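Heads up: the sequence lines are chains W and A, in that order.
Taking the working numbering, the leading residue of the first sequence gets 439, the next gets one more, and so forth.
Taking the working numbering, the leading residue of the second sequence gets 308, the next gets one more, and so forth.
Hints listed in this document are in silico derivations from the structure and should not be mistaken for laboratory results.
Be aware that one or more of the hints could be misleading.
Now the stretches of chain A that chain W is said to cover, found in silico as 3 or more residues with beta-carbon under 8 Å [stated by the list, open to error]:
{"#": "1", "region": "528-535"}
{"#": "2", "region": "564-576"}
Cut-off 35 Å, straight-line C-alpha distance, at most; resulting in silico cross-link-like pairs (DSBU-like, lysine-lysine) [unchecked claim]:
{"#": "3", "chain 1": "A", "residue 1": "Lys519", "chain 2": "W", "residue 2": "Lys570"}
{"#": "4", "chain 1": "W", "residue 1": "Lys570", "chain 2": "A", "residue 2": "Lys698"}
{"#": "5", "chain 1": "W", "residue 1": "Lys560", "chain 2": "A", "residue 2": "Lys649"}
{"#": "6", "chain 1": "A", "residue 1": "Lys400", "chain 2": "W", "residue 2": "Lys673"}
{"#": "7", "chain 1": "A", "residue 1": "Lys615", "chain 2": "W", "residue 2": "Lys570"}
{"#": "8", "chain 1": "A", "residue 1": "Lys439", "chain 2": "A", "residue 2": "Lys458"}
{"#": "9", "chain 1": "A", "residue 1": "Lys405", "chain 2": "W", "residue 2": "Lys673"}
{"#": "10", "chain 1": "A", "residue 1": "Lys439", "chain 2": "W", "residue 2": "Lys560"}
{"#": "11", "chain 1": "A", "residue 1": "Lys350", "chain 2": "W", "residue 2": "Lys570"}
{"#": "12", "chain 1": "W", "residue 1": "Lys560", "chain 2": "A", "residue 2": "Lys458"}
{"#": "13", "chain 1": "A", "residue 1": "Lys653", "chain 2": "W", "residue 2": "Lys570"}
{"#": "14", "chain 1": "W", "residue 1": "Lys560", "chain 2": "A", "residue 2": "Lys625"}
{"#": "15", "chain 1": "A", "residue 1": "Lys649", "chain 2": "A", "residue 2": "Lys616"}
{"#": "16", "chain 1": "A", "residue 1": "Lys649", "chain 2": "A", "residue 2": "Lys670"}
{"#": "17", "chain 1": "A", "residue 1": "Lys692", "chain 2": "A", "residue 2": "Lys389"}
{"#": "18", "chain 1": "A", "residue 1": "Lys494", "chain 2": "W", "residue 2": "Lys570"}
{"#": "19", "chain 1": "A", "residue 1": "Lys495", "chain 2": "A", "residue 2": "Lys518"}
{"#": "20", "chain 1": "A", "residue 1": "Lys439", "chain 2": "A", "residue 2": "Lys594"}
{"#": "21", "chain 1": "A", "residue 1": "Lys389", "chain 2": "W", "residue 2": "Lys570"}
{"#": "22", "chain 1": "A", "residue 1": "Lys670", "chain 2": "W", "residue 2": "Lys570"}
{"#": "23", "chain 1": "W", "residue 1": "Lys673", "chain 2": "A", "residue 2": "Lys594"}
{"#": "24", "chain 1": "W", "residue 1": "Lys560", "chain 2": "A", "residue 2": "Lys708"}
{"#": "25", "chain 1": "W", "residue 1": "Lys560", "chain 2": "A", "residue 2": "Lys400"}
{"#": "26", "chain 1": "A", "residue 1": "Lys439", "chain 2": "A", "residue 2": "Lys653"}
{"#": "27", "chain 1": "A", "residue 1": "Lys518", "chain 2": "W", "residue 2": "Lys570"}
{"#": "28", "chain 1": "A", "residue 1": "Lys615", "chain 2": "A", "residue 2": "Lys692"}
{"#": "29", "chain 1": "A", "residue 1": "Lys698", "chain 2": "W", "residue 2": "Lys673"}
{"#": "30", "chain 1": "W", "residue 1": "Lys570", "chain 2": "A", "residue 2": "Lys649"}
{"#": "31", "chain 1": "A", "residue 1": "Lys439", "chain 2": "A", "residue 2": "Lys405"}
{"#": "32", "chain 1": "W", "residue 1": "Lys673", "chain 2": "A", "residue 2": "Lys653"}
{"#": "33", "chain 1": "W", "residue 1": "Lys570", "chain 2": "A", "residue 2": "Lys692"}
{"#": "34", "chain 1": "W", "residue 1": "Lys560", "chain 2": "A", "residue 2": "Lys350"}
Since the structure is predicted, the reported quantities are computational estimates derived from the model, not experimental observations.
No residue lacks a Cβ here, since even glycine has one placed at the ideal position from N, Cα and C.
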Amino acid sequence: MDQFFQQLVNGLTLGSLYALIAVGYTVVYGIVQLINFAHGEVFMIGAFGALTTYLLFFDGQTAVWILPFMIVGAMLASVGTAVLMERVAYRPLRNAPRLAPLITAIGISVFLQEFIRLLYEKVPFVDFPSAKQRIPFPQIDVVTGPAAEIGNVTIQRSAIFTIAALVISAVVLYYFINRTRLGRGMQAVSQDPDTARLMGINVDRIIVVAFALGAVLAAVAGISQGFQNNNIDYKMGFLAGLKAFTAAVLGGIGNIPGAVLGGLVLGVVEAMATQYVPGQFGGGSWKDVWAFIILILVLVFRPQGLLGARVVDRA
Amino acid sequence: MQQRSVVRVGASLIVASLALTACGSRNDDSGDGGSGSTTKTAKIGVIAPLSGDLSALGLGIQHSVELAVKQANDANAIPGWKLEVVPQDDEQKPDVGKNAATTLSSDADVIGVVGTLNTDVSQQVQPILAPKNIVQVSPANTGPGLTMGAKWQTAPQRPYPTYFRTCTTDAVQGPFAARYLFNSGIKKVATIHDKRAYGQGLVGTFTDEFKKLGGTIVAAETINPDDSNYTAVVSAVKPSAPEAVYYGGQYPEAGPLSQQMKAAGLTVPLMGGDGIYDGKYITLAGKNSNNDLATSVGAPVESLPSAKKFVEDYAAAKYPDPFAAYGGYSYDAANAIINALKVSLKDAADVTSARPATVAAMKDVSFDGVTGKVAFDEFGDTTSKVLTTYKVTAGKWVAVKTEDFAAK
């Protein structure tokens with residue numbers, strides 16, 4: 439039984455990470471019906487933003503007060519990237535056929551990966567490590583360090599950080615969407631952009647806010663992954679982005695609580711599959727297969743996702 | 308507006324194509340110059356991961372070969388011939404390595420190849436180089452099947468006569484690690500590998516030997532090398548209470564695995580093969596990596612008197628990257644080819660016709676290299692079976708035991 443709870447903790451930790459990224463996919467999809475495949479790279483750049491802040495100002499220190507600065511640095515980097523990406527690549531294609539922005543998203547994803555891979559070590563005046571290999575992530579007091587033991591279940595500090603980050607983000611997000619003017623504007627645009635525009639909502643601004651919102655959560659996820667895995671690299675966004683997209687679809691794309699649920703379910707399925715699937719098709723290297731089998735099953739029997747997608751027909 | 312952008316695109320295309328043709332013609336010039344003068348050019352290719360996670364190892368291989376070739380050219384080792392190094396990146400991927408091998412094999416001036424780093428990349432490279440009689444010497448492939456065929460345990464048969472290597476194989480390395488652990492009092496081990504040819508092979512030979520000695524494998528798990536979070540696997544292994552974890556794979560995964568193992572409360576040493584024997588492993592594994600173990604082929608390069616000159620020359624040549632784990636083997640591999648070329652190129656008219664003679668000359672190669680005596684047996688394996696166990700001590704790999712495996 440200990441083992442079950444241990445894997446549940448592992449799964450929820452991994453799932454919280456997926457959920458934080460998945461919200462970004464789902465928010466953007468809800469507003470502009472675009473699957474932003476470059477969102478995984480926003481997550482990656484968030485992690486590099488945190489690392490850069492650390493290396494520039496706090497290199498060698500481990501005090502916990504550095505953490506807020508790293509979070510701000512991560513958010514600046516990823517929000518900047520997301521907003522720029524929207525302005526440069528997606529806005530000109532707003533009225534283009536839907537395939538065009540999708541292909542553009544893939545292009546941006548490759549561009550950003552290679553940009554970091556090739557140029558991170560070449561930033562002038564500072565001595566940054568090469569991003570061609572995994573870079574150790576700074577270990578900060580309080581959020582990393584000796585794990586807590588409850589019974590026989592080990593709960594790592596980075597796990598508590600990730601889960602807490604998801605809970606706080608979810609509460610703030612709920613408040614933002616339902617209680618603020620901007621949030622209600624987002625809801626309006628997602629229901630009907632044309633009418634929303636007629637009602638005096640600045641649709642362009644709402645779209646930028648949607649991208650920025652996803653980027654903020656992705657930045658938090660980037661830091662969490664850094665603490666959990668102790669390293670980051672230029673291609674960390676690809677697999678995480680793919681999983682988070684899966685999570686968003688699993689929960690029902692366009693549905694924010696769905697993205698959170700989908701992320702948690704996906705994380706738990708992966709952890710449980712590692713532990714409980716015996717024999718040839720079990721173990722760590724098959725966990726992704728089981729995760730995607732769950733996705734296929736859900737899509738066969740409940741195509742709108744677990745909590746239901748907001749299906750828009752804008753033919 | 309539309310028209311102007313068309314013009315702009317067209318203009319840049321024209322500029323680009325001009326630049327490309329300029330490059331092309333310059334290449335032609337140098338080619339003509341080479342065949343026109345009295346010295347002819349033979350090229351030695353390098354196939355290794357020059358970018359990506361394993362580039363630290365790959366660049367060490369490239370520069371060590373460059374050093375060997377530079378010294379041969381300076382000493383005019385092969386009268387009438389100039390040697391040249393052609394590095395090709397395989398990104399540690401079999402398909403990219405295959406393309407690299409095709410590029411090299413279609414170049415009429417390529418006489419030999421040093422590479423690859425990864426066993427599964429060599430599996431793709433061998434069949435391309437073999438029909439063209441291009442000799443391949445790997446400084447780092449440890450998969451036994453490359454020289455002894457798929458049934459290497461029961462009916463060894465050499466698949467490609469063009470393939471040689473300067474390092475010892477998993478058939479020796481896995482059992483060597485098993486004996487080390489068993490002799491240091493560890494009877495319960497969990498194994499984890501990355502499902503690639505190298506890791507799986509290493510864990511296979513380790514498991515056989517460890518069981519034969521009387522130890523128990525309490526858990527056998529696998530990870531996905533693209534992943535970077537292994538907590539689920541660590542949690543699955545932990546309840547079986549292993550006294551050590553044996554990992555088959557490379558340092559980019561092994562480092563974080565060790566770190567996450569210890570963070571999850573599984574504070575036993577992680578042991579691996581030469582794939583984790585790199586300084587980067589310790590950086591990634593962090594402070595808790597002390598007492599982690601690795602075996603690597605040969606004696607430690609720094610400790611051999613024969614290697615001192617290599618280390619000094621390498622430092623003097625000021626390459627941007629260190630020679631890393633395989634520098635000595637790559638240097639020896641390049642010198643093995645150069646020694647064979649001394650015989651085969653002497654009276655040769657061109658490179659292509661000298662290729663079969665080079666392959667034939669390889670089996671007579673015998674010299675004292677950086678890593679010990681360099682000579683090949685009937686399968687193309689090195690005759691030396693020396694291995695070393697290293698331990699992480701205060702943030703550094705320290706050699707704890709060097710032994711000749713065959714002597715036991």
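Legend entry - Satisfaction of hint between lysine 673 of chain W and lysine 400 of chain A, Cα-Cα up to 35 Å: 15 Å, holds
Legend entry - 35 Å limit on alpha-carbon distance, applied to hinted pair lysine 439 of chain A and lysine 653 of chain A: Distance of about 20 Å is within 35 Å: holds.
Legend entry - Given coverage of the region 564-576 of chain A by chain W, tested with a Cβ cutoff of 8 Å and a minimum of 3 residues: Holds: 5 residues of the region 564-576 of chain A have a Cβ under 8 Å from chain W.
Legend entry - Satisfaction of hint between lysine 570 of chain W and lysine 350 of chain A, Cα-Cα up to 35 Å: Within the cut-off at roughly 28 Å; holds.
Legend entry - Pair hint lysine 439 of chain A and lysine 458 of chain A, alpha-carbon separation not exceeding 35 Å: 25 Å, holds
Legend entry - Restraint check for lysine 673 of chain W with lysine 594 of chain A, where alpha carbons must lie at most 35 Å apart: Cα-Cα ~25 Å, so holds.
Legend entry - Proposed proximity, lysine 673 of chain W with lysine 405 of chain A (alpha carbon, max 35 Å): 23 Å, holds
Inset, instruction - Measure nothing beyond the straight line between the CA atoms of lysine 519 of chain A and lysine 570 of chain W; if it is 35 Å or shorter, mark the hint as holding. - result: The hint is violated at about 41 Å.
Legend entry - Holds or violated: lysine 560 of chain W to lysine 400 of chain A, with C-alpha atoms at most 35 Å apart: 26 Å, holds
Inset, instruction - Starting from lysine 560 of chain W, check that the Cα of lysine 625 of chain A is at most 35 Å away, please. - result: 20 Å, holds
Legend entry - Proposed proximity, lysine 570 of chain W with lysine 389 of chain A (alpha carbon, max 35 Å): 34 Å, holds
Inset, instruction - Take the C-alpha atoms of lysine 560 of chain W and lysine 708 of chain A, compute the straight-line distance between them, and say whether it is at most 35 Å. - result: 40 Å, violated
The earlier numbered hints that this structure contradicts are 3, 5, 10, 12, 13, 18, 20, 22, 24, 27, 30, 32.
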